Amino acid sequence: MGASCFFEWKKLRSGDNIVRRCYEHVNIGDALGPLRKGPLTSAHLLRWSAAMENWHKIHYDRRFAVEHDKLPGILVNGTLKQQFIMQLLREWAAHDGWVWKVGFQFRAMNLEGETLSMWGRVTRKRKANRYGLVDLELGIMNDEKKESTPGTAVIALPYEKGEPVPYPFVPPEGE
Amino acid sequence: MGLLTSEIKNLIGAESGIEVACEPVERGAVRRYVQACMDDDPIFHSQEVTHRLRYEAPVAPPLFPMNMFRRPFGTPDPFAEHAHNPDFDGIVGSTAQGLPPLPLPKGIGLLNAGTEVEVLRYARHGEVVTAKSRYHSITEKESSKGPMLLVVIETEYRTDGGELLLRVEKTQIRR
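As given, the protein sequences belong to chains A and B, one line each in that order. According to our numbering, the first sequence is numbered sequentially starting from 1. According to our numbering, the second sequence is numbered sequentially starting from 1.
Bear in mind the hints are in silico, worked out from the structure with no lab data behind them. Every value quoted in this text rests on a predicted model; they were computed, and no experiment measured them. Please note that the accuracy of each hint is not assured.
Unchecked claim - Heads up, simulated SDA-like pairs for lysine to any residue below, C-alpha to C-alpha not over 25 Å straight-line:
(1) Lys145/B - Leu111/A
(2) Lys101/A - Glu154/B
(3) Lys101/A - Lys145/B
(4) Lys57/A - Gly98/B
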């Protein structure tokens, strides 16, 4: 597996020329995304609930959500928002890197009809033996600039002249 | 009246047995999942692409194992039991696989407050996944809507061969 493989994979998806993202080429303050999804309709939310076999009515039964649970509408599933964040991080890390740790807090609701923008920003870099570690802050913003899902992540990236990050991932000692 | 009864306090630290997902990682389930979260990465379906990368075979999205613990064949339909209950919120089964449900008063809802995930590798199509969970902490807080419980559940997801896929800490709000 090497850079050319990834180049080929990336061509399959989007024509992007990024081969691999190396630790040395990342700077504190670098932005990820945004990855945009939406507007998220009731069909999107029902499709996700069905794929998950999660039948919690607040995600697809408007009457129950509003009249029974006193919510302002049907809610975008937290698990769906997690997937969106993972996609943003995974695509940024590329196939020689690894999304090791991710944390999300569901601080605010997102409702049917919203378009979500997943974003990230590099906050810290540190070296481990076989790869570099990049800390990020992240979140999900709707079009009214309301942040709903603040979080953090740690991504392992290969060194420019190093091997890909090991897979399965081997955490650095002491973390 | 508080929600954190001695009966609930006694469940802190309680562990599940090792639960086995009722199906292995199915290609069709992965298709529905990635279509529902709108992530068309070919590593989720292409033998050709994954063979050239480090995954060896098509894989499921990183968080997919968290959603594999579903109602097996031959078990009672939980909807039948609630067919005439207007307060039924659609949540069925334990909210953490294998853990005893918290003995809470009727009408107490559940919100997903956040998740911390550590990813070690992806599950391949066809692999069997297991999970073992534990009530890590249960604390009570006051909210504007009255008392609520913050319930932190730790789960490790592994292949049936014992390889660690994910470690997850989920925080649930019960109020």
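Structure-based check of all given hints:
Simply put, Lys145/B and Leu111/A have alpha-carbon atoms about 20 Å apart, close enough for the 25 Å limit, and the pair holds. Straight-line distance between C-alpha atoms of Lys101/A and Glu154/B comes to about 15 Å, which keeps the hinted pair within the 25 Å bound. Restraint check for Lys101/A and Lys145/B: the C-alpha separation of about 33 Å exceeds 25 Å, so the hint is violated. For the hint pairing Lys57/A with Gly98/B, the CA-to-CA distance comes to about 22 Å; that is within 25 Å, so the pair holds.
In this structure, the one hint that does not hold is number 3.
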